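Sequence order for the protein chains is V and X.
Taken in order, the first sequence gives residues 1 to 255; the numbers are from this note's numbering.
Taken in order, the second sequence gives residues 1 to 393; the numbers are from this note's numbering.
Hints listed in this document are in silico derivations from the structure and should not be mistaken for laboratory results.
It cannot be assumed that every hint is accurate.
What the hints assert, rightly or not - Derived DEER-like restraints, expressed as beta-carbon distance ranges:
hint, chain 1, residue 1, chain 2, residue 2, range
1, V, 65, X, 383, 39 to 47 Å
2, V, 147, X, 136, 40 to 48 Å
3, X, 324, V, 165, 53 to 61 Å
4, X, 370, V, 72, 43 to 51 Å
5, X, 134, V, 77, 41 to 49 Å
6, V, 62, X, 136, 42 to 50 Å
7, X, 136, V, 150, 53 to 61 Å
8, X, 136, V, 72, 53 to 61 Å
9, V, 198, X, 383, 35 to 43 Å
10, X, 382, V, 62, 56 to 64 Å
11, X, 355, V, 165, 15 to 23 Å
12, X, 16, V, 242, 55 to 63 Å
13, X, 134, V, 62, 36 to 44 Å
14, X, 355, V, 18, 30 to 38 Å
Said to hold, decoys possible - Below 16 Å or equal to it, Euclidean Cα-Cα: the simulated EDC-like pairs (lysine to aspartate or glutamate) are:
hint, chain 1, residue 1, chain 2, residue 2
15, X, 74, X, 191
16, X, 115, X, 71
17, V, 58, X, 340
18, V, 31, V, 69
19, V, 58, X, 341
20, V, 58, V, 16
21, V, 58, X, 339
22, V, 167, V, 195
23, V, 127, V, 80
As the structure is a prediction and not an experimental result, all values here were calculated from the model.
C-beta atoms are modelled at their ideal positions from N, C-alpha and C, and glycine is treated no differently.
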Amino acid sequence: MATLEIRNLHVSVEAENGPREILKGVDLTIKQGETHAVMGPNGSGKSTLAYSLAGHPKYTVTGGTVTLDGEDVLEMSVDERARAGVFLAMQYPVEVPGVSVSNFLRTSATAIRGEAPKLRTWVKEVKSAMEQLQMDPAFAERNVNEGFSGGEKKRHEILQLELLKPKIAILDETDSGLDVDALRQVSEGVNRVRETGEVGTLLITHYTRILRYIKPDFVHVFSEGRIVESGGAELADKLENEGYEAYSTKGGASA
Amino acid sequence: MAEAQNIPAGSTTAGSIAVAAESTVATRMSAPPSFDVADFPVPHGREEEWRFTPLARLRGLHDGTAVASGEGVKVEVQAPEGVTVETVGRDDERLGKAGKPVDRVAAQAYSSFEKASVVTVAKEAVLTEPIRIAVHGEGGVAFGHQVIELGAFAEAVVVIDHTGDAVLAASVDYVLGDGAKLTVVSVQDWDEKAVHVAQHNALVGRDASFKSVVVTFGGDVVRIHPRVEYAGPGGEAELFGLYFTDAGQHQEHRLLVTHNLPHCKSNVAYKGALQGQDAHAVWIGDVLIQAAAEGTDTYELNRNLVLTDGARVDSVPNLEIETGEIAGAGHASATGRFDDEQLFYLMSRGIPQSEARRLVVRGFFAELVQQIGLPDVQERLLAKIEAELEASV
């Protein structure tokens with residue numbers, strides 16, 4: 001069973017006046033089939049955790065370990081991590097000029113699977129995944145994220161999640177900026193992947209709203225660069241009622 | 001493509017549409033068009049038409065110090081049946097019919113050549129094989145003039161290949177009879193030290209179609225100035241260009257389409273990729289719709305993809321309209337960069353770095369390459385683009 005283990009992870013970014021530590025010792029274990037929600041106020045370091053796991057060059061790991069089934073993830077390049085089974089659905093996916101969605105998806109699936117998917121089954125696979133996410137087939141011919149609405153970007157991220165079938169899926173604020181219908185469709189997509197039992201999900205969110213659609217097994221409260229409390233789904237209800245104030249030493253950090 | 005927020009440092013993209021204004025195309029020239037080099041002052045670099053060009057690297061083409069040497073360029077023409085290939089003297093009356101030189105180097109080329117080549121496709125001849133012209137630089141200085149003339153309803157494809165090392169100033173005339181169809185592919189695949197400055201004049205006959213594909217990969221300085229005018233109504237011109245500018249190279253494409261007659265069409269699309277320190281691409285796209293040119297339909301586009309830091313693009317589309325009675329007129333210019341965030345995004349989907357770069361560049365050029373419509377040229381271009389990318393890694 002695939003397991004992602006994060007141990008005492010420290011991460012800094014380069015700021016104007018030198019490196020600034022964002023993650024201050026994160027411990028978290030995610031097993032295949034489990035869903036972990038990480039919740040916390042803006043600026044608590046949730047997204048830094050997501051991008052550090054995917055290997056974004058902006059973030060420097062200064063301490064700790066991350067392993068996937070014992071393999072050192074931090075030693076891997078960004079593409080190696082993806083091929084090892086780590087997927088990050090981004091909050092702000094970037095535009096890639098000149099590259100069509102269909103070309104991108106196929107190139108990516110080829111890289112992840114180690115061989116080009118058979119054309120006939122691939123076309124069907126993409127088509128049915130797009131239908132389930134209520135995406136227009138014309139979407140496949142557009143350039144990656146170019147001119148996409150917020151909802152389209154998120155659907156496109158989840159489409160990739162469905163097609164690439166990672167071992168560990170990190171969803172960074174996938175719910176932000178979505179209306180209720182889009183949130184439901186995107187959540188259904190995530191749930192289809194979860195129901196296979198083959199993915200461990202790290203759901204990063206600011207709001208409890210998405211947890212009505214995607215039921216977490218564990219909820220972690222993130223504050224000032226580390227997990228400050230962990231519990232079951234009931235912890236989300238507490239956050240819904242009480243907010244993050246109790247976890248912020250500075251008070252009122254949430255927006 | 002991400003515009004505005006994603007323009008590489010130092011690059012410019014400026015567009016203008018002037019309606020019934022005093023012609024800036026005319027006013028930006030230092031002197032009126034002329035066949036005589038003496039009519040043009042030696043440029044100093046501040047002139048509008050020279051301000052982007054590194055004059056110091058023109059090896060004297062602009063100031064009269066470049067003198068033709070014995071071993072300039074070798075020209076070989078391979079033509080199928082139905083084509084006449086001649087080498088003629090300066091007094092041949094078919095020379096210079098498609099347009100006058102508009103700048104000092106073009107006039108220098110016209111004033112300095114000794115022999116010109118004239119390629120004629122007879123009236124109504126429809127060629128099934130392309131005419132291939134190989135221009136190979138032998139390391140010297142050369143001035144050239146070529147005329148490619150198609151009789152009425154003739155159809156031809158011409159592929160002009162520039163290779164080797166040379167300092168070459170040239171003018172090329174394309175004269176299309178009524179209803180003729182000409183596709184010209186000019187490939188600048190020079191060695192790294194070559195300097196090539198050329199003016200291409202196309203005179204498009206009534207209901208004729210002209211397609212120009214300018215492909216620039218090599219050379220130290222390459223400056224190509226394709227111009228189109230119409231000799232009758234109903235003509236069409238498609239001007240496509242593709243360039244891959246590497247470290248230190250200056251590649252400049254300046255276009256002018258003059259809609260001087262009614263019901264003509266023009267479509268300009270140039271795309272370039274740049275990589276490396278001091279790679280510099282310049283694109284000037286001028287379209288002038290004169291008062292008589294009612295029913296004109298024109299569009300021009302320039303796209304640039306900057307792959308690394310240190311490269312610079314100057315892109316200036318310019319449309320001047322002297323009549324409102326037109327079918328359509330527009331332009332677009334954008335310069336974007338392939339940045340770390342795009343790379344991260346693609347790599348985070350398992351795609352290795354070199355593959356990610358190829359994907360973006362291939363995608364960027366694909367649509368334009370397909371429009372060329374000549375499979376062997378298309379394949380060669382894609383292979384060349386791949387090779388450019390390989391070299392960069």
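- With a cut-off of 16 Å on the C-alpha distance, tell me whether residue 115 (chain X) and residue 71 (chain X) pass. 14 Å, holds
- Starting from the hint 41 to 49 Å, judge whether the C-beta atoms of residue 134 (chain X) and residue 77 (chain V) obey it. Given range 41 to 49 Å: holds, Cβ gap about 44 Å.
- Query: Given the proposed pairing of residue 58 (chain V) with residue 341 (chain X), does the C-alpha separation stay at or below 16 Å?
  - Reply: Given that 16 Å is the threshold and the Cα spacing comes to 10 Å, the pair holds.
- Go ahead and decide if the range 40 to 48 Å is satisfied by the Cβ distance of residue 147 (chain V) to residue 136 (chain X). Between residue 147 (chain V) and residue 136 (chain X), where Cβ atoms are some 46 Å apart, the hint holds.
- Message: Is 53 to 61 Å respected by the C-beta to C-beta distance linking residue 136 (chain X) and residue 72 (chain V)?
- Response: 55 Å, holds
- Message: 53 to 61 Å was suggested as the range; check whether the CB atoms of residue 136 (chain X) and residue 150 (chain V) agree with it.
- Response: 56 Å, holds
- Would you check the hint for residue 58 (chain V) and residue 340 (chain X), treating anything up to 16 Å between C-alpha atoms as holding? With Cα atoms ~10 Å apart, residue 58 (chain V) and residue 340 (chain X) stay inside 16 Å; holds.
- Item | Verdict for residue 134 (chain X), residue 62 (chain V) (Cβ pair) under range 36 to 44 Å | 60 Å, violated
- Item | Proposed proximity, residue 339 (chain X) with residue 58 (chain V) (alpha carbon, max 16 Å) | Holds, at roughly 13 Å.
- Pairwise beta carbon distance, residue 65 (chain V) to residue 383 (chain X), judged against the given window 39 to 47 Å: 45 Å, holds
- Cβ-Cβ distance between residue 355 (chain X) and residue 18 (chain V): within 30 to 38 Å? 36 Å, holds
- Pairwise hint evaluation, residue 80 (chain V) against residue 127 (chain V), where the allowed Cα distance is 16 Å at most: 27 Å, violated
Hint check: violations occur at hints 6, 10, 13, 23; the rest are consistent with the structure.
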